[in-house]
Every structure is written in structure tokens, then in C-alpha cells.
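Chains as they are written, first to last, in the working numbering: chain A, 1 to 308; chain B, 1001 to 1176.
Think of the hints as simulated: they come from the structure by calculation, not from any bench. Be a bit skeptical, because a hint or two may be false.
Per the computed footprint, the stretches of chain B lying under chain A, defined by three or more beta-carbons under 8 Å from a beta-carbon of chain A, are [as the list claims (entries may be wrong)]: (1) 1007–1019; (2) 1064–1073.
With a Cα cut of at most 27 Å, we get these calculated BS3-like pairs of lysine-lysine [unchecked claim]: (3) A:K255 to B:K1128; (4) A:K250 to B:K1128; (5) A:K268 to A:K255; (6) B:K1100 to A:K57; (7) A:K250 to A:K268; (8) A:K57 to A:K250.
Model, not experiment: these values are computed from the prediction. Think of the CB as a built atom: it goes at the ideal place given N, C-alpha and C, for glycine as much as any other residue.
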Amino acid sequence: MSAHAPGPRIQPRRTTGIPYVLIVPAVIALLLGLGYPLIWQFITAFQKYGLAQQFGKPPEWVGFDNFADLLWNGEFWAVLVRSLLFCVVTAAVTVVVGVLMAQLMNAVGRTVRLILQVSMLFAWAMPVAAATTVFIWLFDRRRGVVNFLLDAIPGVDMNRFDWLGHPITFFIVASVLIIWMSVPFVSFAVYAGLTQISDEVMEAAQIDGAGAWQRFRRIIVPMIRPVLSIVLLLQLIWDLRVFAQITLLKDAGSKSGDFDLLGTYIYKLGTAANDYGMASAVSIIVLIITLALSWVYVRELIKEDEAQ
Amino acid sequence: MTAVKLGRIALSVLAIVLAIVWIFPVYWMVNSAFISTAVLQQFTPHFFPGQYFTWSNFTGAISDGSFFGALGMSVTITLLVVAVCLVFAFLGAVAISRFKFRGRKSFVLALLLIQMLPAEGLFIAQYKMVSSVGLLNTVVGVSVIYIAAVIPFTIWMLRGFVAGPPSSRRPPWSTA
């Protein structure tokens, strides 16, 4: 790389119309697909927009009424708390399992590592709809492999256990599905970070008498901290927006509101209750939570962009 | 020495077991594809197609009229979105990596924030918009939403490559 010096950094003219022309197509596409819906949603969140309005009655301005209604709505709070809990637990378990997997990849021989990586790539490549469908089969109460195998253990009676019928086990299945789908990304990212740690450092620590846990805690974790924090943040953001999985699992299980997370709750408000005003208000809240979460990540990326 | 070796073997076995666990759902999809529905409905799962092996699910899917329609729709939307997105995002990437301009920082910030917007925070509004212009169940309706969703990511990925070539190969428009 050092053979040829990098050319002088391009210093383009400051005042020119060209960059604006170049971003016009992208900006138009973004305004069309996201900008307009975003603005419509923001306006609708402050309106009464129910079934009557969909049949032509002009929407009424109600100020913060939709938000005030949510404040006193027990179901909304239940859904919000459930979603945050689900998101935090699933993201945390995903990252822990992902790091352990990466450590395992690092510890085993080449062939075994390749087998593990190929198997994870397959899991990663599976489309959400297909993966969720297969999980529904696996956890089926009558024909599912999971009940079949658990029931085969002496002393365990899981015959016909209805996983998707109870909120707790429903969310365990959803969580296992999402962890299964997300761990490959985490472990590949962390494994890439682990390979950056030089063997000499680890050997030196070992000679100095550092145990396996000390080496992990004092050397590996600090060195892969940037990767870890980004991966955890992305998992938190992604696990807050699990719509397809929950919808499909609900279709196979129960339609009850006890199984809703934020995504399906908005969908229900919008399609079943036809209350676009409330649905928009909840959407705005979700957007604010996501933006607050992603702000740390975005700030890092902006710094990276400015450093270029 | 033998303890270390034993440990390595144990880790390898663990890795293989985990590999099997991770690929099992994928395998189950493939396995089920070769077993007829009647057999799949039985209470005892079959871990291999074996004597129940059949192509009937595939011939059924192919002869079912809606399969090729759905596949065609998917392919059309994908090609359209990729083509439009590549052109638009390439131009955008050239703009942010090769030029300094007023508003560049806001544009980059917008790109990054948009990537974070969750679909469920917007789909009611997007549905309303697409339905109000009568584009529900059309290729164009879906594509407009998809293009907007993938452009920010694509610009962000392409900007590195566009910024990459050394200045000797710099495009003519960047020289004063």
C-alpha cells in the first residue's frame, strides 16, 4: 500500500450546482416514498381520523388528544413495556450467544470452523417468511419436532403443548426465532474483530499468568468494544421492529391483544380499528424511540464521514 | 498436553453440534419439501423423506397457476428497484463523496436517520398514500416504497467506492 503515495485530496469548487443536480433523483425518490408518508403521518397524529374520515368526512384537528388518549390507555402501555422488554432481552441474548459463537469459531480448527460458518450462513440467508413458517411447524403442538423431542425425554410431558397459545411461550418462540436469525451476523462481525487481536498479545498475557476469563475480560472485550457496541445497538434497533415474525406467529397462534408488540399494535389500530389518527400517534412514538436509540450510532457514522 | 487436546476435541464437538442445531430449521424446510402433506400431517415427524420421498410438492407448486405470477412479480419488482436505486444512489454517492456543498451534512444526516426508521412506524401512512393514488397491488406502488427504503443504504455503501479511485483517474467534473 505504501508503494504509491495517495494523490492529493480532491478539493472541488465550493460553489457549483452539480452536486445538487446529482442528488435530485435520490431526493425525489425519498420524498415520494418516505417524505410524503412521514408528513401525512405527522399531520394525522394530530387529527381525528377514523372510519368516517375514510369515507370522505373531513378530518378534525384534535391537537394532542390522540397522545393523551394513549397516555391513559392501559393496552398501549402494556404493548410498549412488552416491546421494550422483548427487544432488550432478545438483543442481549443475541449478542452474548454471538460473542460465544465467535470465540468458538476462533478456538476450533479450520474445518470445524468452516462447517459452523457455512451452517450459520444458511440460517442467515433464509428469508424471514420462510424461517418463521418453519418455526411454526417446529413448534406445532401436534406435529412439531420440538414437542416430539421434548416428550421423548423421560419424565417430561410436552405432548400437545401449545407454545403459541400462551403469551410467555409465544414470546420465547419469537425470541428464539429472532436470535437464531440474528446470531450469524453478530458472530461474523465479532469474529472479524477477534482476528484483529494479535496472538502475541494473548500469548504474553498467558505467560504473565492471566486465566481464560481474565484474558477475555481484560483483553478481548476492550479490544472488540467498538464492534460490540455497534452490534448491540443495531440489534436493539432491529429487535424493536419485529413485525413480520410476530404477525406470522400470531396468524398461527392467537389473535389476542396479549400477543401484540408495537408493530402489530399499530397495524391493528390502522387496519382492524380503522383509527389512522391513533395509529399515526403510536407510529410517531415508535419513530422517536428508534431515533433516540440510533442517535449514538448515527453520530459515530457522521464522525467517520467527517474524518474521511 | 492431553488435557489441552481433550479440550480442543470437546470444543470441536460442541461446534459441530451447534452447526447442526443452526442449520436444522433450514434442513427441515428442505426435508418437508420432499414429503407429501398427508404424511407431514402425521403426529410422528419424519426426519428423512426416505420411503415418503416425493416430487409432488414441486409439481404442485409449478402447476398451481399463481406460483409463476408471484415469482414474476417478485423478479420484476427486484429488477426495477435495483436498476433505479443503483442509478439514483450512484449519482448521490458521487455528490457526497466528490463535492463539498451547502447542505451536504444535512443530506448525509438525513440518509443515516432514514436508514433507522422502522417500517412499522410508517406503513400505515405508506399504505394510505399508495391506495389514494390507486397503486395498491401494482409493481409501481411497491417499488416506490422499496426504492426509498434502500437508497440511503446504497448511497452510504457506494460513497466509499466512488471516493476510492486515485486523483489521476478523477472524473473530469471534479477538476476546476
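Hints, verified against the model:
| no. | hint | result |
| --- | --- | --- |
| 1 | 1007–1019 | holds (count 8) |
| 2 | 1064–1073 | violated (count 0) |
| 3 | A:K255 to B:K1128 | holds (24 Å) |
| 4 | A:K250 to B:K1128 | holds (24 Å) |
| 5 | A:K268 to A:K255 | holds (10 Å) |
| 6 | B:K1100 to A:K57 | violated (48 Å) |
| 7 | A:K250 to A:K268 | holds (12 Å) |
| 8 | A:K57 to A:K250 | violated (33 Å) |
Hints 2, 6 and 8 from the earlier list are contradicted by this structure; the remaining hints agree with it.
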